[in-house]
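Sequence lines, in order, name chains A and B. Heads up: the first sequence at position 105 corresponds to 105 in the numbering used here, and the numbers run straight through without jumps. Each number in the numbering used here comes from the position in the second sequence (counting from 1) with 1000 added on.
The set of hints was computed from the structure by calculation and includes no laboratory data. Where a beta carbon is used, it is the ideal one built from N, C-alpha and C, also for glycine. There's no promise every hint is true.
[Said to hold, decoys possible] Not the full set, but computed from the structure, chain B residues with beta-carbon under 10 Å of chain A:
hint	residue
1	Ser1273
2	Ile1280
3	Val1356
4	Met1441
[Unchecked claim] When the alpha-carbon atoms are kept at most 27 Å apart in a straight line, the in silico DSS-like pairs for lysine-lysine are as follows:
hint	chain 1	residue 1	chain 2	residue 2
5	B	Lys1536	A	Lys165
6	B	Lys1596	A	Lys91
7	A	Lys50	A	Lys60
8	A	Lys3	B	Lys1198
9	B	Lys1551	B	Lys1445
10	A	Lys150	A	Lys60
11	B	Lys1445	B	Lys1531
12	A	Lys37	A	Lys151
13	A	Lys165	A	Lys91
14	B	Lys1531	A	Lys3
15	A	Lys165	B	Lys1069
16	B	Lys1510	A	Lys50
17	A	Lys177	A	Lys150
[Stated by the list, open to error] Partial selection, computed: residues in chain B whose CB lies under 8 Å from chain A:
hint	residue
18	Asp1242
19	Leu1315
20	Leu1318
21	Val1320
22	Tyr1329
23	Ala1330
24	Ala1333
25	Leu1594
26	Ala1598
27	Arg1602
One-letter residues, chain by chain:
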Amino acid sequence: MKKTHLIPLVVFTLLALLLYRGLSLNSRNIPSPFIGKPAPAFDLPRLYQKDQRISVESMKGKVWVMNVFASWCVSCRAEHVVLTNFIRNHKVPTVGLNYKDYGTEDYGEEVLSWLAQLGNPYSAIAVDTEGRTGIDYGVYGVPESFVIDKKGIIRYKFTGPVDQKAVIETLVPLILKLREEPA
Amino acid sequence: MIPEIGHFALIITLAIAIVQAIFPILGVSLNKPQWVALARPTARAQFLFVSISFACLLYAFVTSDFSVKLVANNSHTQMPLIYKVSSLWGNHEGSLLLWSLILAGWGLAVSIFSRSIPPVMLARVMSVMGMVAIGFLLFLIVTSNPFERLPFPPVEGRTLNPLLQDFGLAVHPPMLYMGYVGFSVAFSFAIAAMLGGKLDAAWARWARPWTNIAWIFLTGGITLGSWWAYYELGWGGWWFWDPVENSSLLPWIAGTALVHSLAVTEKRAAFKSWTVLLAILAFSLSLLGTFLVRSGVLTSVHSFAADPERGLFILIFLGVVIGGSLTLYAARAPKLQSTGRFDLVSREVGLLVNNVTLAILTLTVLLGTLYPLIIDALGSGKISVGPPYFNNISIPLGTVLFLSMGVGLFLRWKKDSPERLMKKLLLPANLAIIIAIFAPMFFGKEFSWRVSLGLLLASWVALTALIWFAAQGRSLFVKPLSAWGAMLGHVGMAVAVTGITLTSMYSTEKDVRLELNSSYEVAGYAFKFIKMEDRKGENFTATRATVDISKEGKSFITLYPEKRNYGPGTMPMTEAGIDPGFFRDLFIALGEPLGKDAWSFRIYHKPFVRWIWLGGILIALGGLLAAFDGRYRRTRKVFLKEKANRQTSNKGAAA
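So here's chain A without its partners, still in its complex pose (with noise of 0.2 Å):
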């Protein structure tokens, strides 16, 4: 009987050893792994052109953003007034990864819904199903967006919804400065 009642403990000392972990795991600053790195290899459908496919080889030569994204996702919303005026304004290239959206076993009504009424900024959309892309990537969260080089290198990672200031102060001048670049 006496046992039990130390459950409440035990739970709470795994719970604050897993927030530990979290805090020091999270950062949005923390570089990901993958920076400096080769682009993971994809080759999926794309969403209105269920018979074509996207990959990152198809991307090469041109400085393009990787943008994560799913129609459940709330900071997407947040976000994408913000990536349509940088995608238009700067003429991004940008493949929308749509990251287990509902429904896209079949193509579902939910994420085009979403861009229905949103607006579609991106120049391809790559349906990630099952989020093996995702993995590949090492997604932390939806919202997530990767600048890749020409070289199919990846050069940055945005954790989270994409705001005004770090368009301006990080992605513009990245992107104008790896335009510069040789292919």
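With chain A's structure known, arrange chain B on it following the hints.
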């Protein structure tokens, strides 16, 4: 000068809190009545000084003193006064100061309305509250000083996030904090009772009104937040299972369980150790919520200050408060023998089902909220849990919960006969089934089991509550306040469930392209785009559309959806045009320009959406009435009389 006074007052507050945390409780064990007597004055002094500090910061915000870093980062001279005030808590440091102010406010309230509580108990309660205050004050002073100055003050401040420049959001955080922090009172009573080793019905009776009031504020705060999200975010949603929303829901669920469990402990002296555990849980979840919001461990639209160093501080604080109280619980709980015995069919068991379901719900929501973190910590990929998970768990758990809500009211304490119960429940059960079958037809849409289930549960809960209520009290018209409270609480829940069910299943949502003077029809309402104009607000510029809505050819309202721009570096805000109604909302949001004279619009027809918040208001009202039930005042009078008798018989011994 003023900010320095504020900073200094904050340090004095800390010193007072330390005295409050140490002396009264030590006085009890060392038998020093003078130390015990410090409980009240220190609690009041703590409130005084933290108020001074708060007033100083408020002054800096109202006068736009940009030499204070916090003001420069969050305020702007052009902002209306109300947002200058609310931007005080629209940021990390200021919101913590508000936390501390509210905590001290609760301490002050307890120190005033505690005449019936024995000094020894009060001393322990106040000391525990002092300890909690020390944690927050240290956090403020060490890691997040709100009074930090800038060596070169800017001419103009960076404005408050436009999303937060709204009346709903000006009031939402203080309400939520009142709730969060209010649970510290129940928590302190529980800890004090455990320290005293005497967990009788008395502590439950003292803690109950406080818990109710805290719970009312939390209910109100959550309702307000949901309402704000609905009209301000401009996509017609009212709940997103966002980590921060969840962290306000978690203490609410635990608090709901606590409110009910306290009743059993007070009236039947049962569930003693369980109630204590719930009191610890409710407050711990409030603290955990703060941790999740402030540390940036989970990504959320709400987390405006993510700072791992602060996260570590809160985590240590959590460890001390929660770890400490659970250790105390593990040591003391085995000695708590619940004396009240009860049968399988009894109100105790009904409340047990309620408690267990709510506890499971708390844990599943907690699991879902922390799941990305767990997966991450285990190193097996990174995942976000979306609404599908929460929707899937809340339907079955909600079903069990609502079924038990209906039965529970009719159950008698200790022992009840199943036959008697069946007889009572037959009528509401049949009516609820009839409503569940026929009401959906009224909407003329195709059959959906979700609608039927939702309506079945809602009408079951509402009908049982009303029938039960009719039989309470001395006559049909005179009812005790606690009966009003229980009835409104349950009916409110039913109203909210009705709203949630019908809105989620029957809403229509259309994205349309409208040219000037063209119109579009949704659910029998024609929306006509009349004109487009620019207008200037106090601190923003806006593009505003005029949309005329008519039904059956008769125009009945004009709405003005707009897009606001609060200057460079900020996101444009969507201000939806809403025609609210008891049975439906019409909601129109302005989208993007689509070439000459054409714009995209998002139009919603949302049946019964108001019922969600109406339910929240009813629930809060129910809690309010229950907290002011005459019973608590009566016991105080009885107690005072007893105390007076005792004092006259032991004259001289008390000194």
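Please check whether aspartate 1242(B) passes as an interface residue: C-beta within 8 Å of a C-beta belonging to chain A. holds, 5 Å
Please verify whether lysine 1510(B) and lysine 50(A) have alpha carbons no more than 27 Å apart. holds, 25 Å
* Asked: Would the stated hint for alanine 1333(B) survive a check requiring a Cβ distance to chain A of less than 8 Å?
  -> Cβ of alanine 1333(B) sits 4 Å from chain A, so the hint holds.
Pair hint lysine 165(A) and lysine 91(A), alpha-carbon separation not exceeding 27 Å: With a Cα-Cα distance of about 18 Å, the restraint between lysine 165(A) and lysine 91(A) holds, given a limit of 27 Å.
When you check the alpha-carbon spacing of lysine 50(A) and lysine 60(A), does it fall within 27 Å?
Measuring from Cα to Cα gives roughly 22 Å; hence the hint holds.
Given the proposed pairing of lysine 1536(B) with lysine 165(A), does the C-alpha separation stay at or below 27 Å?
-> This hinted pair holds, its Cα atoms lying about 25 Å apart.
Would you check the hint for lysine 150(A) and lysine 60(A), treating anything up to 27 Å between C-alpha atoms as holding?
Given pair lysine 150(A), lysine 60(A) holds - Cα atoms ~6 Å apart, limit 27 Å.
Against chain A, run the beta carbon of valine 1356(B) and see if the smallest gap drops under 10 Å. Violated. Min distance 15 Å.
Between the alpha carbons of lysine 3(A) and lysine 1198(B), is the straight-line distance 27 Å or under?
Holds, because 21 Å separates the two Cα atoms, which is no more than 27 Å.
- Item | Restraint status (C-alpha distance of lysine 165(A) to lysine 1069(B) at most 27 Å) | holds, 19 Å
Identify whether the interface hint at alanine 1598(B) stands, where standing means a beta carbon of chain A within less than 8 Å of its own. Hint violated; alanine 1598(B) Cβ to chain A Cβ min 14 Å, cut 8 Å.
27 Å limit on alpha-carbon distance, applied to hinted pair lysine 1596(B) and lysine 91(A)
holds, 23 Å
The earlier numbered hints that this structure contradicts are 3, 4, 11, 14, 21, 25, 26.
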